[in-house]
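S.K.: Each chain, letter by letter, is given below.
There are 2 protein chains.
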Amino acid sequence: MSKLHGLNFIGNKTESGATEFRAINPSTSQAIEPEFAEATIGQVDAAMLLADAAFDAYRAMEPKKRAAFLDAIADQIAGCDEVIDRANQETGLPIERLRGERGRTVGQLKMFARLIEEGSWVDARIDHADPARTPIPKPDLRRMLIPLGPVVVFGASNFPLAFSVAGGDTASALAAGCPVVVKAHPAHPGTSEIVASLILKAANATGMPAGVFSMLQGPSHALGMALVRHPMTKAVGFTGSLKGGRALFDAACGRHDPIPVYAEMGSTNPVFILPGALAERGSTIAAGLTQSVTMGVGQFCTNPGMVIGLQSDAYTAFVDQATKHFQKAAPGTMLYGGLRDSYETGVRRLQGISNVRILAQSQDATDAARTQVPATLFSTDVKTFLNNPVVSEELFGPATVLIAAKSAEDLEKVAQNVEGHLTATLHGTAEDLAANRKLVSILERKVGRLLFNGFPTGVEVAAAMQHGGPYPATTDSRTTSVGTAAIERFARPICYQNFPESALPAELHESNPRSIFRMVDGRHTR
Amino acid sequence: MSKLHGLNFIGNKTESGATEFRAINPSTSQAIEPEFAEATIGQVDAAMLLADAAFDAYRAMEPKKRAAFLDAIADQIAGCDEVIDRANQETGLPIERLRGERGRTVGQLKMFARLIEEGSWVDARIDHADPARTPIPKPDLRRMLIPLGPVVVFGASNFPLAFSVAGGDTASALAAGCPVVVKAHPAHPGTSEIVASLILKAANATGMPAGVFSMLQGPSHALGMALVRHPMTKAVGFTGSLKGGRALFDAACGRHDPIPVYAEMGSTNPVFILPGALAERGSTIAAGLTQSVTMGVGQFCTNPGMVIGLQSDAYTAFVDQATKHFQKAAPGTMLYGGLRDSYETGVRRLQGISNVRILAQSQDATDAARTQVPATLFSTDVKTFLNNPVVSEELFGPATVLIAAKSAEDLEKVAQNVEGHLTATLHGTAEDLAANRKLVSILERKVGRLLFNGFPTGVEVAAAMQHGGPYPATTDSRTTSVGTAAIERFARPICYQNFPESALPAELHESNPRSIFRMVDGRHTR
Numbered sequence: 001m002s003k004l005h006g007l008n009f010i011g012n013k014t015e016s017g018a019t020e021f022r023a024i025n026p027s028t029s030q031a032i033e034p035e036f037a038e039a040t041i042g043q044v045d046a047a048m049l050l051a052d053a054a055f056d057a058y059r060a061m062e063p064k065k066r067a068a069f070l071d072a073i074a075d076q077i078a079g080c081d082e083v084i085d086r087a088n089q090e091t092g093l094p095i096e097r098l099r100g101e102r103g104r105t106v107g108q109l110k111m112f113a114r115l116i117e118e119g120s121w122v123d124a125r126i127d128h129a130d131p132a133r134t135p136i137p138k139p140d141l142r143r144m145l146i147p148l149g150p151v152v153v154f155g156a157s158n159f160p161l162a163f164s165v166a167g168g169d170t171a172s173a174l175a176a177g178c179p180v181v182v183k184a185h186p187a188h189p190g191t192s193e194i195v196a197s198l199i200l201k202a203a204n205a206t207g208m209p210a211g212v213f214s215m216l217q218g219p220s221h222a223l224g225m226a227l228v229r230h231p232m233t234k235a236v237g238f239t240g241s242l243k244g245g246r247a248l249f250d251a252a253c254g255r256h257d258p259i260p261v262y263a264e265m266g267s268t269n270p271v272f273i274l275p276g277a278l279a280e281r282g283s284t285i286a287a288g289l290t291q292s293v294t295m296g297v298g299q300f301c302t303n304p305g306m307v308i309g310l311q312s313d314a315y316t317a318f319v320d321q322a323t324k325h326f327q328k329a330a331p332g333t334m335l336y337g338g339l340r341d342s343y344e345t346g347v348r349r350l351q352g353i354s355n356v357r358i359l360a361q362s363q364d365a366t367d368a369a370r371t372q373v374p375a376t377l378f379s380t381d382v383k384t385f386l387n388n389p390v391v392s393e394e395l396f397g398p399a400t401v402l403i404a405a406k407s408a409e410d411l412e413k414v415a416q417n418v419e420g421h422l423t424a425t426l427h428g429t430a431e432d433l434a435a436n437r438k439l440v441s442i443l444e445r446k447v448g449r450l451l452f453n454g455f456p457t458g459v460e461v462a463a464a465m466q467h468g469g470p471y472p473a474t475t476d477s478r479t480t481s482v483g484t485a486a487i488e489r490f491a492r493p494i495c496y497q498n499f500p501e502s503a504l505p506a507e508l509h510e511s512n513p514r515s516i517f518r519m520v521d522g523r524h525t526r
Numbered sequence: 001m002s003k004l005h006g007l008n009f010i011g012n013k014t015e016s017g018a019t020e021f022r023a024i025n026p027s028t029s030q031a032i033e034p035e036f037a038e039a040t041i042g043q044v045d046a047a048m049l050l051a052d053a054a055f056d057a058y059r060a061m062e063p064k065k066r067a068a069f070l071d072a073i074a075d076q077i078a079g080c081d082e083v084i085d086r087a088n089q090e091t092g093l094p095i096e097r098l099r100g101e102r103g104r105t106v107g108q109l110k111m112f113a114r115l116i117e118e119g120s121w122v123d124a125r126i127d128h129a130d131p132a133r134t135p136i137p138k139p140d141l142r143r144m145l146i147p148l149g150p151v152v153v154f155g156a157s158n159f160p161l162a163f164s165v166a167g168g169d170t171a172s173a174l175a176a177g178c179p180v181v182v183k184a185h186p187a188h189p190g191t192s193e194i195v196a197s198l199i200l201k202a203a204n205a206t207g208m209p210a211g212v213f214s215m216l217q218g219p220s221h222a223l224g225m226a227l228v229r230h231p232m233t234k235a236v237g238f239t240g241s242l243k244g245g246r247a248l249f250d251a252a253c254g255r256h257d258p259i260p261v262y263a264e265m266g267s268t269n270p271v272f273i274l275p276g277a278l279a280e281r282g283s284t285i286a287a288g289l290t291q292s293v294t295m296g297v298g299q300f301c302t303n304p305g306m307v308i309g310l311q312s313d314a315y316t317a318f319v320d321q322a323t324k325h326f327q328k329a330a331p332g333t334m335l336y337g338g339l340r341d342s343y344e345t346g347v348r349r350l351q352g353i354s355n356v357r358i359l360a361q362s363q364d365a366t367d368a369a370r371t372q373v374p375a376t377l378f379s380t381d382v383k384t385f386l387n388n389p390v391v392s393e394e395l396f397g398p399a400t401v402l403i404a405a406k407s408a409e410d411l412e413k414v415a416q417n418v419e420g421h422l423t424a425t426l427h428g429t430a431e432d433l434a435a436n437r438k439l440v441s442i443l444e445r446k447v448g449r450l451l452f453n454g455f456p457t458g459v460e461v462a463a464a465m466q467h468g469g470p471y472p473a474t475t476d477s478r479t480t481s482v483g484t485a486a487i488e489r490f491a492r493p494i495c496y497q498n499f500p501e502s503a504l505p506a507e508l509h510e511s512n513p514r515s516i517f518r519m520v521d522g523r524h525t526r
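Chains P and H, in that order, are what the protein sequence lines are.
Sequential numbering of the first sequence, starting at 1, is according to my numbering.
Sequential numbering of the second sequence, starting at 1, is according to my numbering.
The hints are simulated quantities; they were obtained by calculation from the structure and are not laboratory data.
The reader is advised that the hints may include incorrect statements.
No copy is singled out in the list; a pair is fine if it fits within one copy or between any two copies.
Said to hold, decoys possible - Taking lysine to any residue and the SDA-like style, the derived pairs with C-alpha atoms no more than 25 Å apart in a straight line are:
hint	residue 1	residue 2
1	K383	G346
2	K413	D45
3	K138	E96
4	K110	D123
5	K438	P505
6	K438	A46
7	K438	A330
8	K65	A434
9	K201	A222
10	K138	T284
11	K446	S120
12	K110	K201
13	K3	R99
14	K446	H256
15	K243	R229
16	K110	S515
17	K438	P389
18	K243	H256
19	K383	K413
20	K243	D257
21	K243	P231
22	K243	A222
All chains, please: the whole structure from these sequences, using the hints.
M.R.: Shown next, in the form of structure tokens:
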């Protein structure tokens, strides 16, 4: 890999831009070379027009060609160690974690490659004609999913590989047949440049049309808004803050022609600890909780930010143990200074509520130059939570609030009063679960994933995963941003009526040449 | 059936309201008894709270119980002749057409009943655990679709049965497990009351919870907005005008927690007549087009409102024949005076464009007291269309615009310059289609359904139907409002991680007790 050039990628061309910026190493607070050129609004237009021009050629390609492109990206990334080093400098995330994340990124790309090679995701449906039907003949109808068009992806800060330039949004959009224009996250521009170069190398090696991928650099919000508002943009993928995601969503809804914004905006992921579990293994839960909250310096969308338990001796013992674990937890370097500032503000805001108190913080001193924050354990009661909805808002970082409940009804009241979250977790015995059916039922209406006796961090990439939940967890609870179903976000159905086979996509030919699962005259068949 | 009471249905209770209004018989311009009470904002709140209270009990029911409810509604409607008479008085639609529409309504309800009895629509996915996996064990993940919550349905004027109180939106939402609150269309309040009574009779006979269905009367926009903005409302179904649909969409996007609005807002449904078809059967197409445009007085979302053909002697002959057919077409009674006024305004607006001319109008005089309008055939050329986008906007009623093109490029230019539509149609020979692949490709990006050698009116209710298209045809091109896939609009996925079987829905039990198609460890299986 050659030296970083700091330019924007408009298809295969690299271009300078307007003002320049540099990445900051959060572990040292020092700026890192080189300077990166923020893209201009004119470059937004150029990238989107090029993506639109590439769309027809790209979507017309056989799935195995698009799969080869995804595989080539995966192979490029798998073979690149430089990106790990640069990501480590730009994010402060440990090398080992970044190696794991690279594996996940490669795995996601290959998962989508296999998915489109297999082909059944297009949900093909055929209803045969019945010319003899009265009073009117029945037409021949053939329906399948086709790609939406150019997609804009916003790189996330907290997964500089797996949810960034070649992350899940990009992989699923490219798999669906959509060209992608990435707005790189300004906290890791060098990592983004390296990955963009690898994607373009893969695109050229596999004969993809120019414009199938572009990437623009820069911290400006105007740039993001221009991408969302561009007439050629047909969908948006975003992972980040509620404020940021909502701004993009509002811009998309305000377009002449509104487009879907899949914004995953984080979550507080309530954890309910039921009496049986507390009695059986309160100390294990306290240790597991601390690990889950502090892992990755708490910078996961699925970080468990509130824990509700029934007051009892076992609960008191659990709280004591969690307190000790949090005191011993090491301070951690956050991804960038802005997140550290938000965390500190959030801690102060919670502290300012009467009846919310800090039980524990990391005992070791934090180093401001290393952008460190302490792990923080809060406690409060149900009444305070109910009067202060801010307690259930996401505090991004290694913090959680313990909420003491007095009764099963209290647990239900808390559940009823949280907004949408990505996950909720129950710790309990089988008897606990049977005794708390109503709590489960309430939580089903609030979240996308319900866990039993586990922790929500660590999101499995699988067909059965659901990473998405009711607002404000996401802007579209009907979709997931992790797992194979993520591809459905970037497609829509089209129906061909009485079309001759010569003009139909192969997926809808009578002989099923792609051997996909289809619904034919109401029957699932291959 | 007893006399109409003119009240609102808040669950099983009937209530008066604020101001009163009456239906107008468009065939006589006379008001019809009785007076109907417009619902109050307080009643919006009551209906939505009741729907929310019914939700848990309703969604927890076995699918066969919900299917029995849908079947009971279907049977009630199938056995009711009074609703046909009242609909005839309130809409001016002929008895025969309304009988057909009743059949369609009954068929839709039964289709969704069978769909949920069969059960595979929940898209169940299971990924088994692998406790031995390194570095971390793989959890057990089980995912399926669950209902969104209370749904608000706006009755459409042009299908007083099939897209109104017990129409496709209500049927699919109830099938998904969502309680429904209907805002009745003010042009047919009596028809709506009869159908609401039948639904409640069915609900009580099959043991449904109070609040599973409510219906509010009234013409006020404030009422509709209050329903969309109510915190308990989780999705909205609407069929009507672009202006109305967009207003609801904007209100839903502006909520604290945005919700999906499935607004089907009509369409101009371009028809392209290719040279081979014109030469082979120009006169058949002219007759078929006239029939499609004038059927139901042109009051279908799939009415073909623009027709593009290549200039030639055959095209001239086609135009002449269409002209004669339109002259002979009888004037027709529109559904209500407001639509007649909009049609007349729209005709004048098109007439006002230089180079747009009226080739033909129904020769027989129209009767204002019968709310009649003439069928109208316009003609213009590609240049005029390109300079006046209004030509491709929907003119609701029995009108179409013939657009003369000079070349295949002209056809493509027109296709490229239309916005989203529900359908597009090609008339041609197999050779025509082969020679116009680019035109087909352009149209795939513009519509939800592509027809070959047919007419877009007459929307088959089937698994492979797609009734929905890019904006402004609908607010969500990823969904359909006709066919079995319409149920997906009212559901979202939930994933259970490591849940004991006793706390899982039956659809996710290991033994597959409901015998549904599932994806288990990546394989489709029953």
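S.K.: Give a verdict on every hint.
M.R.: Hints, one by one, checked against the model:
{"no.": "1", "hint": "K383 x G346", "verdict": "within (20 Å within a copy, 60 Å between copies)"}
{"no.": "2", "hint": "K413 x D45", "verdict": "between (50 Å within a copy, 22 Å between copies)"}
{"no.": "3", "hint": "K138 x E96", "verdict": "between (60 Å within a copy, 20 Å between copies)"}
{"no.": "4", "hint": "K110 x D123", "verdict": "both (20 Å within a copy, 23 Å between copies)"}
{"no.": "5", "hint": "K438 x P505", "verdict": "between (48 Å within a copy, 14 Å between copies)"}
{"no.": "6", "hint": "K438 x A46", "verdict": "between (54 Å within a copy, 23 Å between copies)"}
{"no.": "7", "hint": "K438 x A330", "verdict": "neither (38 Å within a copy, 62 Å between copies)"}
{"no.": "8", "hint": "K65 x A434", "verdict": "between (50 Å within a copy, 24 Å between copies)"}
{"no.": "9", "hint": "K201 x A222", "verdict": "neither (29 Å within a copy, 56 Å between copies)"}
{"no.": "10", "hint": "K138 x T284", "verdict": "between (63 Å within a copy, 20 Å between copies)"}
{"no.": "11", "hint": "K446 x S120", "verdict": "between (31 Å within a copy, 24 Å between copies)"}
{"no.": "12", "hint": "K110 x K201", "verdict": "within (17 Å within a copy, 54 Å between copies)"}
{"no.": "13", "hint": "K3 x R99", "verdict": "within (21 Å within a copy, 74 Å between copies)"}
{"no.": "14", "hint": "K446 x H256", "verdict": "between (32 Å within a copy, 15 Å between copies)"}
{"no.": "15", "hint": "K243 x R229", "verdict": "both (17 Å within a copy, 21 Å between copies)"}
{"no.": "16", "hint": "K110 x S515", "verdict": "within (20 Å within a copy, 31 Å between copies)"}
{"no.": "17", "hint": "K438 x P389", "verdict": "within (22 Å within a copy, 55 Å between copies)"}
{"no.": "18", "hint": "K243 x H256", "verdict": "both (22 Å within a copy, 12 Å between copies)"}
{"no.": "19", "hint": "K383 x K413", "verdict": "within (10 Å within a copy, 64 Å between copies)"}
{"no.": "20", "hint": "K243 x D257", "verdict": "both (22 Å within a copy, 13 Å between copies)"}
{"no.": "21", "hint": "K243 x P231", "verdict": "both (23 Å within a copy, 21 Å between copies)"}
{"no.": "22", "hint": "K243 x A222", "verdict": "within (15 Å within a copy, 29 Å between copies)"}
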